[in-house]
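Colleague: Note that the protein sequences, when read in sequence, are chains Z, A, L and G. Note that this note's numbering gives residue 157 to position 7 of the first sequence, counting from 1, and the numbers run on in steps of one. Note that this note's numbering gives residue 160 to position 10 of the second sequence, counting from 1, and the numbers run on in steps of one. Note that this note's numbering gives residue 550 to position 400 of the third sequence, counting from 1, and the numbers run on in steps of one. Note that this note's numbering gives residue 569 to position 419 of the fourth sequence, counting from 1, and the numbers run on in steps of one.
If you are wondering where the hints come from, they were derived from the structure by calculation, not from laboratory data. All values reported here derive from a predicted model rather than from experimental measurement.
One copy or two, it doesn't matter: identical chains are merged, so the pair holds either way.
Keeping only pairs whose Cα atoms sit at most 20 Å apart, straight-line, the calculated EDC-like set for lysine to aspartate or glutamate is: (1) Lys176 <-> Asp490; (2) Lys234 <-> Glu196; (3) Lys611 <-> Glu379; (4) Lys348 <-> Glu337; (5) Lys606 <-> Asp368; (6) Lys485 <-> Asp497; (7) Lys176 <-> Asp500; (8) Lys615 <-> Glu379; (9) Lys536 <-> Asp580; (10) Lys550 <-> Asp431; (11) Lys615 <-> Glu345; (12) Lys444 <-> Asp561; (13) Lys579 <-> Glu592; (14) Lys553 <-> Asp569; (15) Lys228 <-> Glu196; (16) Lys293 <-> Glu337; (17) Lys522 <-> Glu425; (18) Lys377 <-> Glu345; (19) Lys508 <-> Glu428; (20) Lys553 <-> Glu425; (21) Lys568 <-> Asp586; (22) Lys176 <-> Asp431.
Chain residues, written in single-letter form:
There are 4 protein chains.
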Amino acid sequence: MNKKQKNMKKITKKWSPRFSEPANNKVQRYTASVNFDKRLAIFDIEGSLAHAEMLKKQKIISAADLRLIKKGLNQVRKEIIAQKFKWSIEQEDVHLNIENRLTQIIGISGKKLHTGRSRNDQVATDMRLYLRDVVDNTIDQIKSLQKVTLSLADNHIMTIMPGLTHLQVAQPISFAHHLHAYCEMLERDKLRFQEARKRINVLPLGAAALAGTSYPIDRKFVAKLLKFESVMDNSLDAVSDRDFLIEFNANASLLMTHLSRWSEELIMWSSPFFEYVEISDSFCTGSSIMPQKKNPDVPELVRGKTGRVNGHLVNLLTLMKAQPLAYNKDNQEDKEPTFDVADTISDTLDIFREMVSKLTVFPENMEAAAIKGYSTATDLADYLVKKGMPFREAHGVVAKVVKFAINQKCDLSDFKLKDLQKFSKLILKDVFDSLDLKGSIESRKHIGATGFNSIKKALKKSRIKLSK
Amino acid sequence: MNKKQKNMKKITKKWSPRFSEPANNKVQRYTASVNFDKRLAIFDIEGSLAHAEMLKKQKIISAADLRLIKKGLNQVRKEIIAQKFKWSIEQEDVHLNIENRLTQIIGISGKKLHTGRSRNDQVATDMRLYLRDVVDNTIDQIKSLQKVTLSLADNHIMTIMPGLTHLQVAQPISFAHHLHAYCEMLERDKLRFQEARKRINVLPLGAAALAGTSYPIDRKFVAKLLKFESVMDNSLDAVSDRDFLIEFNANASLLMTHLSRWSEELIMWSSPFFEYVEISDSFCTGSSIMPQKKNPDVPELVRGKTGRVNGHLVNLLTLMKAQPLAYNKDNQEDKEPTFDVADTISDTLDIFREMVSKLTVFPENMEAAAIKGYSTATDLADYLVKKGMPFREAHGVVAKVVKFAINQKCDLSDFKLKDLQKFSKLILKDVFDSLDLKGSIESRKHIGATGFNSIKKALKKSRIKLSK
Amino acid sequence: MNKKQKNMKKITKKWSPRFSEPANNKVQRYTASVNFDKRLAIFDIEGSLAHAEMLKKQKIISAADLRLIKKGLNQVRKEIIAQKFKWSIEQEDVHLNIENRLTQIIGISGKKLHTGRSRNDQVATDMRLYLRDVVDNTIDQIKSLQKVTLSLADNHIMTIMPGLTHLQVAQPISFAHHLHAYCEMLERDKLRFQEARKRINVLPLGAAALAGTSYPIDRKFVAKLLKFESVMDNSLDAVSDRDFLIEFNANASLLMTHLSRWSEELIMWSSPFFEYVEISDSFCTGSSIMPQKKNPDVPELVRGKTGRVNGHLVNLLTLMKAQPLAYNKDNQEDKEPTFDVADTISDTLDIFREMVSKLTVFPENMEAAAIKGYSTATDLADYLVKKGMPFREAHGVVAKVVKFAINQKCDLSDFKLKDLQKFSKLILKDVFDSLDLKGSIESRKHIGATGFNSIKKALKKSRIKLSK
Amino acid sequence: MNKKQKNMKKITKKWSPRFSEPANNKVQRYTASVNFDKRLAIFDIEGSLAHAEMLKKQKIISAADLRLIKKGLNQVRKEIIAQKFKWSIEQEDVHLNIENRLTQIIGISGKKLHTGRSRNDQVATDMRLYLRDVVDNTIDQIKSLQKVTLSLADNHIMTIMPGLTHLQVAQPISFAHHLHAYCEMLERDKLRFQEARKRINVLPLGAAALAGTSYPIDRKFVAKLLKFESVMDNSLDAVSDRDFLIEFNANASLLMTHLSRWSEELIMWSSPFFEYVEISDSFCTGSSIMPQKKNPDVPELVRGKTGRVNGHLVNLLTLMKAQPLAYNKDNQEDKEPTFDVADTISDTLDIFREMVSKLTVFPENMEAAAIKGYSTATDLADYLVKKGMPFREAHGVVAKVVKFAINQKCDLSDFKLKDLQKFSKLILKDVFDSLDLKGSIESRKHIGATGFNSIKKALKKSRIKLSK
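Working from the sequences, and respecting the hints, build out all of it.
Modeller: If you want it as structure tokens, here you go:
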């Protein structure tokens, strides 16, 4: 790195002035994790408090030791929250920084806290406490987004838009139906996070370095204090398992994939080619050069950030591939991607919810697009089938009608009855009910269909799930 | 892979001479999917039979039509299994190939089968039937591997090996304990597949192209016939959702990651540097040039195939990113990676189970490695703590003892009492219990620890879970 | 794909009935590579012929041996091309299958062919010969696509379309300019493949298993016969290097990314929302249910297949990560992704070229879209700046004009002079030159700009590069 | 995010106190890039200075304007380097922050700087200036690592170790030969970065938003000032191309793959199972619980960080996939991964070089491992071939000898002549030359082989390349 780069790097990477970086020590900087794992501090203290309670209960430390440790850790926590804690890279990581400060405050009792545990099981515990918290929050945020989506859908049951396949006009649908599809995707996302939580919420503490400890510890007691559902049954697995991080990331990738699909649509819908919706000004920016521009920045960034989350997934999978048991230092690399995934989905869900809640919809533009594009052609085919023609034949007849309409530059509903009858004698006056957009939608009545009543029922069902 | 799957695989992997490829049609070859999706044939027919039953029940087709369709489809199935079916690339995909042949056999009634459905919901149904089958089989295979692993562990509770962290000798552990760690990973894999199954086992059929159909279909009836737990509540979602494939692939990636870690260990353990185990000849090959070589081909390939499965995951996530609703042709690309993931994990689980069951273990070499490397140093530290020294101090004292031992080129248990006492007056004669491998292991008694009794209980618990 | 490649592909994709798979041997199936590496057969023979020539020149084998080997290998080649070769999975791979057959034909001399080499350096040689061939073909295909694109651009220099950023209308541009952007991307792709070729085209043969051989071989002679530019200077590196495959795949990923971006545009352009172009029928399909549909299958598949190629890249990178030297069996997994990447880009380039050459363009629709959307707003700002207003101020004034126009639902060029002058006194009659689409384009005259003359020069420059 | 999380987040993400974050503005935070793109500040100023020079030369701004702009930008640069610059998130990005401050300092002339450019071409220029700098530095660092490696190799030409394939002992090799293999990989890395530099070093400035500008700019003049080799020939391509970032990342992935392979070996070599080398204390850490441990932290982290770099590659490829032309906001996501890749490889190369330079090697342990494991078995086979036996037969004979030796638990060189002769009458007294390690190595004399003279020549060739 040349001088110019170095200057800039200093600026960008600068740590807190409280952070005492030793001048020349590249290795320390390369191997220390405190600059990112200090984010776990609150959880580290929470875990230590439970561990200390147990040590005292098991008479491994004295009641006096426990009192001092509690007092000391509470002070450390206050210092951290008040941003007065002096993080030191020489103390490598969040664990040693805190333990060291604790011992400064309370003396020799602080040194007893690490009895019967190792940083290997400690950091696994911290990460699980952290991620449980993240997942609970994610589930709440998903629900909020679902709520907002359902509200928007409620207002647009009768709003007609062209349903697309292959970005071609296919059949008319209700806009509420379209919005409900995203509600369903989010429902699966929620379930996946809920299930992953079960595998996060298991206590690794007590595994010590890798083999357990010879102290008479009570792991179930610690689990109870920390609200873990159970304890991990194998100490080697406890210190080396990172499944829960990968599973969280995989779920986040799917969530982002859904929001990315939705964003793609919002970008198109707010373009002059569609004009279905207008995204509120606060989620857009202008151009530094083109005064007429209003750019859909937020959905573009959501779409872009999908790659970010997928990239982290590849990172974590690559990280764990072919590592021998038990703990290896490679695992320190599990934190930054996890934190970034957690922040990305939290920010995205938050902002997406607000954006959806402030969306302006132009029903007339949607309907105009549905009329154009022969979206009721299938209905004409179905009409013929109901009159007795085999489906594949009807399909052929309608294809001819559409070709003729394209040449005539008119819509199917513009035809006169006798024009239509040239294509099949089965066509009678009642055909025009099928060629009407509303009629087309109304005719699809079963579970999951776009029919107005079907979609009303579907929205209701979603709202009930949400209230649980 | 069960019999049904195997039959289909045979069909798919063979470009039958009966496959009439039109000479110059590059596009047809590029866009047609029949060369890989014919693998879904059996499931396509299964779905069509249920659809036809429902059409008849709802009086959309006649009883006579149904009879003919059933007869025809059964004949088609026979032709396929007997490999006499003439797949045609001009018929694009498995669906049109089968429907076309059906119509050849039974005439106009065949054309009625497609009433009220589309290839969009049809292929989604086929894929779910296929993957449900794969997942059931995967769960069985995981259980079989767990069983074999537990059996091996049973025989090696008293086998002592050095537990490693950072590939350095850490503490003595039981080999059974090490094997049990893999059992635990597989347990999580099993749970993940079981949960994913719930999201696979939902019926998309009835969504038609994207909006549902105007025919009075009964989706719950079809779901019941096909043993789906429920029906998808939104037709747009039904035709465009590929979450279930991605989720399956993500679970498969984690499974392969576990097997890859184990393989890494088997490769090291069977090398002359460890000599812990010998892999049965049938899982190894020789060298074309070096007559003395015995290469651990199978674990090497398992390790290698992890990248393959991870790559497919990236493929599928990239595929779905930013696709607008509903169905787009991109989705046709979902099949080959899914089939390959399914085959890879099925073959791997099968062969891995056999390899583990035929593993030769050399306990004496494991124990020798544990003695070398000061694996009981932690025990010495714990000994000092129990005598009243704070942990961090004890850690420092033992570090000095180890440094001295390295200089003397001897093990900790080789020291005389008075030598040890030079480092701390707290050391008494009973210290030698802690420096002994067996004693060290035995002292770790809590849940999840490597102590002989702990591991016995853990194995028992695993066996109970397995029998459920 | 050239003829040689095509022949081999035919062979590989067909599980010949002549292929004798032993019934129950799962392991053999799992570890054998012949079912995919037989695709290398022609290159394997080419390499063996050169190796044999060298062995004879160096007097390691006799002239009689060489004569027999040449005769035998020629016969083997004929059998393979005629699809009469009996591939056996018991012979593991392409190398042993061929050598075994050779020995059947010519007897003991066949056994001498493997002198001074190993399968490790042999397969590396085969892969390099194969990939060199693929890369040469890829470069030709890229050039063909560039040619077709330039031809289309030539016809559309005066075709005006709205240039988009953020999918919003930004400024008017020439359609030729837009097409030329893809030409430039392809130019970089071509360069990357050309550079990668240099690293492919180095001979590994002679590295033997990993250390070289004690036979007095002449590697430069073999390199010359096989048209390799040089020999690899380290035998460990020669057998373990897979950089060249990863580099090829990374280049292919970039190429697909470009074609995927273009496909995204073709899909939008051919939708009823744009109607800029019509893709020839032969690259589209209809719907099984909606008779009016014309789906842009080919660009959708191109977009989808990008994930496929990216996935293979992840596969290969994961495969090589953390492998100790020298050859490990994991590397066998390098072949299938490479073959698939090669086939995918070859088919895609081929079909894409044809699709572009048959594209129907609707200039009037493009121009209409440019008028709508205030695409000349920047020009108005620039007009003001040229009259003396600082840019940031001008930007603000025009933003007000556009807001007013939106409210009035009219275009900028619809305003009367006095209306415009309300926003700034600097505006005079000559402002209307700037508000005109053609005038706007014409005013951008520098290298790389969309001005008609600039784009003419750019096209010429591209054509000159192409002719080299 | 609950309160606990929020507190921690505040701590971790805290921006400089100079950074004025508006309280409630989530969107601003989500869309602004200044917190990471401020790292480009120096390059942004460099580009602006050149742009201003050109504007003045072309008489678009006055000499007085230029003087002021230069003065102002120099002051801004000083403020930034002195860390006194007040970055504001309301000014979105590095460009607006600097321009805004410039205008504060010099007044209206500052507003003229943006004439004839847009942030779209400005950021592309900044990134290219930045990455050119990074690449130059990377190339230097690679060379330094090569130098250190060659020095180590020089000292170990006569150090014998077992060459491994499949982690099994294959043939004896020189340790220098092994080290040289990494030198060769680094050589390819260097070439790839050099070639990528050519595609980085092309000027996008002048493309403006996407179409070029109507100002009479002189792009070649700007290119010359900024030392770009040429200008981009298409403005749409100039603002949307991110190939150069992906190519850089792909090259970085290959580099990390090489260092990861080497790290895997260092981890094994420094374990008690190999004891080939000792990594200097400063690159290792101890255990918080096991006093005897010395963990190879640095190579473990290098291995782990490979996933990180590969993940970023997936991120960038996913980001660009299927983006329509020209610039989209998604592209803002290109910066963080690029910065992280650049930092990761810079830190890693730096630290790796030092680690290698301080490596302690134990030649006697390497040689002992070579003796064990029948590493000269191939030499025995070659001996037989030279005596007239066809290679495949010789291979079979030696396999029997090795099997016998395993049973006898002795090495090949331990046999008596008459024992060996039982296996073949061709074996004479001179066989023992072939069974000796040194003899085996010496016999491999050709280019690229492990023979002592061959490796000397190879090292010399590498040193000459390096000096260029």
